[in-house]
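> Residue numbers (my numbering), protein chains in the order written: chain A, 143 to 595; chain B, 477 to 776.
In case anyone wonders, no lab produced these hints; they're calculated from the structure.
Computed from a prediction, not measured in an experiment: that's the story for all the values here.
All C-beta atoms, glycine included, are put in the ideal place defined by N, C-alpha and C.
All the pointers check out, no bait thrown in.
DSBU-like, lysine-lysine: derived pairs with alpha carbons at most 35 angstroms apart: (1) A/Lys495 x B/Lys559; (2) A/Lys527 x B/Lys541; (3) B/Lys559 x A/Lys218; (4) B/Lys541 x A/Lys210; (5) B/Lys559 x A/Lys210; (6) B/Lys541 x A/Lys404; (7) B/Lys541 x A/Lys322; (8) B/Lys559 x A/Lys449; (9) A/Lys418 x B/Lys541; (10) B/Lys559 x A/Lys418; (11) A/Lys449 x B/Lys541; (12) B/Lys559 x A/Lys443; (13) B/Lys541 x A/Lys443; (14) B/Lys541 x A/Lys405; (15) B/Lys559 x A/Lys555; (16) A/Lys500 x B/Lys559; (17) B/Lys541 x A/Lys500; (18) B/Lys559 x A/Lys487; (19) B/Lys541 x A/Lys341; (20) B/Lys541 x A/Lys323; (21) B/Lys559 x A/Lys192; (22) B/Lys541 x A/Lys345; (23) B/Lys541 x A/Lys347; (24) A/Lys194 x B/Lys559; (25) A/Lys527 x B/Lys559.
Calculated from the model, a selection of chain B residues having no Cβ within reach of chain A, i.e. all distances over 10 angstroms: (26) Pro530; (27) Val548; (28) Arg662; (29) Phe758.
For each label pair, taking beta carbons as the anchor points, the in silico distance ranges come out as: (30) B/Val574 x A/Asn220: 32 to 38 angstroms; (31) A/Lys564 x B/Phe760: 42 to 48 angstroms; (32) A/Trp519 x B/Phe710: 34 to 40 angstroms; (33) A/Ala290 x B/Glu558: 41 to 47 angstroms; (34) B/Met552 x A/Lys449: 22 to 28 angstroms; (35) A/Asn348 x B/Trp550: 18 to 24 angstroms; (36) A/Asn591 x B/Leu621: 34 to 40 angstroms; (37) B/Pro542 x A/Ala334: 30 to 36 angstroms; (38) A/Lys301 x B/Met552: 52 to 58 angstroms; (39) B/Phe615 x A/Asp584: 34 to 40 angstroms.
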Amino acid sequence: MKISIHRSSRGGRRPAAVVALSAVLALTATACGDDGSGAAGDKGADGSGKGKIVFWDNNGGVRTDIWKEIIADFEKANPDIDVQYVGIAATEYQSKVDTALQGGGLPDVGGVGAAMLAGFAAQNALEPLDDRLGKSSLNDRLNKDMVASLRAAGGGDEKLYSIPTSANNGVLYYRTDLFKKAGLAEPTTWDAFYKAADKLTDKDKNAFGYTIRGGAGSIAQALDAMYGQSGITSFWDASGERTTVDDPKNVAALEKYVGLYKKVTPAADLNNDFTKMVAQWDSGTIGMLNHNLGSYQDHVKAFGTDKFRGIPQPAGPGGKRVQVSNPVDGLGLFKSSKNKAAAWKFIEFATSKEQNSKFNRSAGQVPSNTDAAGDSWVSEAEPTKLAAQALTDGSTTIVQLPYYLPDWNTISKTDNEPAFQKVMNGSMSAKDFLGTLAEQLDTAQKEWNEQKG
Amino acid sequence: MITKDVETVAPPPPAPVADEPPQRPGRRRRAWDEAPRWQIYLPLGIYLLFTLVPFYWILLFALRKPGSTSLVPWPMTFEHFEKVWNERSFGTYFENSVLVGLATLLMTTVVALAGGYALARFDFRIKRAFMLALLCSQFVPGALLLVPLFQIFAELRMINSLGSVIIAETVFQLPLSMILISGFIRNVPYSLEEAAWVDGCNRFSGFRVVVLPLLRPGLIAVGSFAFVHSWNHFLFALMFLSNQDKQTIPVGLNSLMSADSVDLGALAAGGIIAAVPVVIVFAFIQKWLITGFSAGAVKG
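Extracted from the complex, chain A is given alone in its bound form (with noise of 0.2 angstroms):
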């Protein structure tokens, strides 16, 4: 075997467009970095108010256009203030934030709602806004309720880190053309509503009654279907530290609702999460779902406004409803933000009344801004129309989840979504889950309760 060892041109070559193509592409990733500055702690600066701000947005996706439509407004009517968009997907923002707390890199303005707004806080992560917010002009014209929603989950100093944009609210959605079909009547009770479920499953069709949530986000479903059913109105007894989720009433009603799984609804609900239980009642023949505002649009896109319905959740024990709160989504302000003042701005202009409508128009949710919630969409809409009476006609009971325990998020996620799936499936008991569920959050408030002293 002879080798030849002579250079090539070609040979030649090869080696040196490797290394050029490396440089070049190493020299164009590199460039443009920064050290991303803003981590927790940092005490930041109010800025001269015009420049660069970062937004980012806690629930990027099908919300980035209307976003990108605010910002267009703002930058037009701020021509000194430039605002960059991130959108982050929902599942995704703790981890992101949290890295950033550690690690540095925080942005001017993120959207910060009640569910996480404790663990932000407890971090020293958020400006107060009560000093800026008394001496705007929206100071009298957002929500009360929701302001009150939002101080009460920031931490317990009584201040208000978010400033309110929207209310969301659980929605039993329902095919009015099944029902009529099925000569059901409209599932504004619980009974009603167990009736119709087991009327419209016929498995061999592949049609269904209902679709349960078994996973992600779970616990909060079933949290609204025990109380709705229970009527207890409390997530504490009078004594503050004990919570009623193991109340006997509640038990029974959650081993009620769990029975529904299999029996009226598709196997697969097991691992449900809101992507699933969506996609599945659009394209598929399943009577009733539970979700909330949110996938109001996706169900018009399905079905049209003519074959669905979105109403509160269905009344219980001598005709009244009780739901769960849904977390308040606002916009916070971080402490480390070097432009302090031109977030500020940011934030104003986009809960004011044509932007806070705007938005909440595209996302189906509850306006924050007062004056906004008495456009005529609002009317139109009709889910978010009959949620907004339910927040606020008195209708409806509301029992407040603990949002402002630091612990909450894990305990209702993490924690338990595993150890309900094992109720579905009949290998725990609903009360043994209830129980852990109760023990972990009366330990939760107990610290908390020790914390404020």
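Go by the hints and put chain B onto chain A.
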């Protein structure tokens, strides 16, 4: 000039028996040689069905009109593709992913080649410990190192730069790539390199002229693995890149899902855009990939 030390001559094959098909020497007839074809194709067909149905579902959502519940994508529409490419910046994400993928491929291959050569050809005191450390590094999940990596890149002013993702991806790809490459290099007889030195090469040119061409399957395997992994990897891009115009395809896909609502058509179209380059890469290199991985893994 190099000659083989020993010329080996294979014995002549036995004469075929008249009524039986000829068999290669040393090859035993196996049960499946005589199995009816349906016993082979039916399980394969069922497996294929399970594999292809999800792909069909993605195509269906991507190509049918919004709101349609039809089981066939007709009338066909490309509006979801237009939407994600133009309105959701998938054109930019695609460019960024290509850049990250190619740069990771090049850096991983070049560094793994150098490291793999050292592991294969040199004996040094801590070689075993080094190999053990390389293997152990595979057990450390990327999420565990997020905050330290974030702080390092922040010090280097590389947050919001694709360079941070490329470096992180390369670092996480290197251990396995070096182990694989060292296996390939060990399969190349050292005497070939020695012969090249006798003919006037130095170590580098001998490696380039003699060894490198023989490593092609291994390099393709390692390079494609690095490309596909960095193409699909989500975590580093999510954490280190915040500017929308720097993000990559997996982050873009994830950001199509809101907390309460999902545009399934757009998500499916985005999924197809994300999958196509990987499918094309695999279609072209599958032959090399299988050869490469088996050679590096088994004979290493």
